[in-house]
Amino acid sequence: MHINDTVQASYKAVTAHRMRSVLTMLGIIIGVGSVVLLVSVGRSFERYVLDQVESFSSHLIEIYPTGFEKFGRSLDSLSFSDYEAVTQLSTVESVAPVIFVTEKVVYGTEEISPMVFGTTNKFFANYSLNLEQGRLLNESDIKGARSVAVLGYQAAIDLFGDRDPLGERIRVGKRFYTVVGTMETIGSALLQDLDTPVYVPFTTAKAQTGQKYLSYMTMKASIDDDNLVVADITSLLRQRHGIENIDNDYDKDDFRARSASQATEIVGSVGLGLTIFIGLIGGISLIVGGIGIMNIMLVSVTERTREIGLRKALGATRQDILRQFLIEAVALTMIGGVIGIVGGASLGALIAAVASKFVGTVPFVLSIPALLAAALMALATGLIFGIFPARKAASLSPMEAIRWEG
Amino acid sequence: MPKKKTSPTVPLIETQSLTKSYFSEELETPVLHGIDLTISEEEFVSIMGPSGSGKSTLMHILGFLDQPTTGKYLFRGEPTRTMTDDELAAIRATRVSFVFQAFNLLPRTTVLDNVMLPLLYHPTIPASERVERSMNAIKSVDLEDRALYYTNQLSGGQQQRVAIARALVTSPDVIFADEPTGNLDSKSGNQVMEVLQDLHDEGGRTIILVTHEQSTAAHAKRIIHLLDGNVSSDTKQFTQINAKKNNNLKK
Ligand SMILES: Nc1ncnc2c1ncn2[C@@H]1O[C@H](COP(=O)(O)OP(=O)(O)OP(=O)(O)O)[C@@H](O)[C@H]1O
Ligand SMILES: [Mg+2]
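Which chain is which? The protein sequence lines are G and V, in order.
Quick note: the first sequence uses the working numbering, first residue 1, plus one each step.
Quick note: the second sequence uses the working numbering, first residue 407, plus one each step.
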C-alpha cells in the first residue's frame with residue numbers, strides 16, 4: 001500500500017468517525033492544555049512573588065537587635081550612637097532609625113492597635129512607599145519633634161473609613177497627633193505589612209516613649225554587593241559592642257544586619273517548595289490527561305478492531321494497518337496537542353492579565369518543560385493506546401477481528 | 407492481471423479432515439467435523455444446508471478469513487497453515503474475495519469508497535484505474551445512482567449489492583459469496599446471479615456460493631450439502647438455470 005493511500009485511508013477513517021476523532025482530540029486538548037495551564041499559572045505566580053520581593057527590597061538592609069529577650073523589656077543593644085556611626089559608613093545611604101511606640105491609636109470611637117513607627121522620611125524611600133495625599137514627615141518635623149502622623153493605607157481606612165483624615169487629630173497613647181499625610185497601598189504583604197502602621201517623627205516617638213535605644217534601623221546599600229555592606233556594618237558594630245567573633249557565629253552577636261536580598265533567598269526557598277508543588281500539580285494533570293486520552297482510545301477499540309478485521313479481509317497487511325493507525329494517532333495527537341498548548345497558554349495569559357488588574361503586574365511565564373512534558377505525554381499515550389490495540393487486532397485472523405466483542 | 411494456471415492435477419482448493427471449533431472461556435463449540443473437499447479451478451459450486459450447519463464457518467476458512475482448528479487446507483497445492491501473514495494478505499488482496507453474509511461495510515463511508523477499499527490494498531492495479539473500476543462494479547449491481555451515498559443510508563438489499571460490488575472490483579480468481587441474494591427480491595437476486603454466472607462462464611472465475619434457496623443453488627454446476635458440520639451430499643448438475651435467460655424472459 002502506497003504511503004499516500006495510507007494517509008488517505010487515515011484521513012477518511014478520521015472524518016468518517018468525526019465524533020470519535022473529536023472526542024479523542026478533546027481528551028488530548030484537555031490533557032495537554034491543563035498541564036500547560038496549571039504549571040504556567042503556578043510559575044507566573046512564583047515569578048510575581050519574587051518580583052514583588054525584589055522590587056521593594058533592592059539593596060535594602062536592616063539592622064535589628066538580637067539575643068535573649070529580657071523579661072518585660074525590648075532588646076536594647078542598638079544605641080543612638082550606633083545609628084550615628086552607621087550613618088558615617090560610606091557603603092550605606094538613606095539610614096532611617098526606627099522606634100516602635102506600643103500604644104493604641106484612637107480617633108473618635110475608632111480604636112486600633114497598629115504598629116506605630118517613629119522614624120524619618122528616609123524610611124519611606126527605603127521601602128518604596130508612596131504618598132497618597134498630604135505630605136511625608138519632613139526635616140522640621142524631626143527637628144522640632146512635632147506631633148504629626150502619616151497613616152498607612154490600611155490604618156487610614158480603619159480609622160477614618162471614607163472620611164478625609166488630613167488635618168484630623170488622632171491619639172496615640174496619651175499624645176495627640178495631627179494627620180498630615182496618607183500612604184498608597186503597597187499591594188504586597190510579603191516581608192512586613194507596611195499598609196497598617198502609623199508613622200510619626202522619630203524624635204517625637206523617642207520623647208513619648210523615653211526609649212534610649214533603637215527598635216531597628218533600615219538603610220540602602222550604596223554599592224552593588226549587599227553582602228559586602230552587611231559585612232562592613234557587622235564588623236563596625238562588633239567593634240563598637242566589643243564582640244570578638246572571628247568564626248562569624250551570629251549567636252555571639254547582639255544584633256543582626258541583613259540584606260533583603262537574603263530575605264529574597266528565603267522567599268526563593270519558599271519558591272522551591274512552590275516549584276515542587278507546581279510540579280506535583282503538573283504531574284497529576286499529566287496523569288489525568290493521559291487517562292482521558294487512554295479512555296477515549298480504549299472506548300473505540302471494539303469498533304476499530306472490527307474495522308481492522310475488515311481491512312485485513314480485503315487484503316491489508318499488518319504493516320498497512322499499523323501505518324494507518326500510526327498516522328491517525330500522530331495526526332490527532334499533534335493537532336490536539338497544538339490546540340491544547342495554545343489554548344492552555346492563552347488561558348494562562350488571560351488569567352495573568354486579569355490577576356494583574358487586581359494585585360499588580362503578574363508576568364505570564366510559559367513553562368517550557370511543562371509544555372514538552374505534556375506534548376510527550378500526549379504522544380506517548382496516543383501512540384500506546386492507539387497502536388497497541390491496533391497491533392493486537394492486526395494479529396488476529398480477519399474473522400476473529402470482525403466478530404470481536406471487546 | 408494474467409491468471410495463473412497450475413497443472414490440472416493440482417486442485418484449486420483441497421481440504422483434508424478439516425475441523426473447526428470455536429472457543430470461548432474454556433467452552434468448545436465444535437462446528438465442522440472433518441471436511442474433505444476438492445474444488446477445481448473454474449468451478450461454480452453452491453453450498454447448501456440448514457441454518458447453523460457450518461456453511462459460513464467453512465466459507466471463512468476457505469476464503470482465508472479464519473484458520474481451521476485441525477486438518478489441512480491446500481490452496482493450489484500449498485498448505486495455508488504455513489503461509490506467512492503477508493502471503494495471506496497478498497492472496498486476500500489479489501486471488502480471492504468475499505461477500506459477507508452480514509455485508510461488513512464501513513459505516514459513514516460512501517458506497518464508492520467502500521467498493522474502492524480493496525483496490526487500496528491491491529499491489530498491481532494502478533491508482534488511476536480505481537475510480538473507473540469501482541464505478542463499473544457499482545454499475546454491475548445497478549447502484550450507480552447511489553455511489554456517493556453513505557452505506558448506512560441504503561436499504562438492506564442495496565447494502566448487499568455494495569458488498570457484492572466490493573467483491574468484484576479486483577476481478578479475483580475466486581469469489582466466495584455467503585448468501586449474496588439473501589436480502590434481495592427475485593429480480594435483483596437474478597441480476598446478481600447473472601453477474602456471478604457471467605464471471606464464471608465468460609471470465610473463467612471460480613465461484614463458491616452459499617444459499618438456502620434451491621432456485622439460487624440451481625445456477626451452479628455442483629451442489630454441496632452440509633449437515634451438522636459434515637458434507638452430506640455432493641452432486642454435479644448437468645443443467646443449470648441461466649440467469650441471463652431468466653432475466654430476459656422476465657423483461
Ligand atoms: N464465534 C462463534 N463462537 C461460537 N460459536 C459459533 C461462532 N460462530 C458460529 N458459531 C456456531 O457455529 C455454528 C455454525 O455457524 P455458521 O455461521 O457457520 O452457520 P451457517 O451454516 O452459516 O448458518 P446460517 O445459514 O444461519 O448462516 C452455529 O451453531 C453457531 O452457533
Ligand atoms: Mg451463515
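Since the hints were made in silico from the structure, they are not lab data.
Since this is a predicted model, take the numbers as computed values, not measurements.
Built from N, CA and C at the ideal position, the CB exists for glycine as well.
Incorrect hints may have been included.
[Stated by the list, open to error] Here are the simulated distance ranges between beta carbons:
hint : chain 1 : residue 1 : chain 2 : residue 2 : range
1    : V       : Glu431    : G       : Arg18     : 32 to 38 Å
2    : V       : Glu619    : G       : Ala380    : 51 to 57 Å
3    : V       : Gly588    : G       : Ile3      : 34 to 40 Å
Hints and how they fare:
1. V:Glu431 with G:Arg18: 32 to 38 Å: Holds: the Cβ-Cβ distance is about 36 Å, inside 32 to 38 Å.
2. V:Glu619 with G:Ala380: 51 to 57 Å: holds (54 Å)
3. V:Gly588 with G:Ile3: 34 to 40 Å: Holds, since Gly588 of chain V and Ile3 of chain G (Cβ atoms, about 39 Å apart) stay within the stated range.
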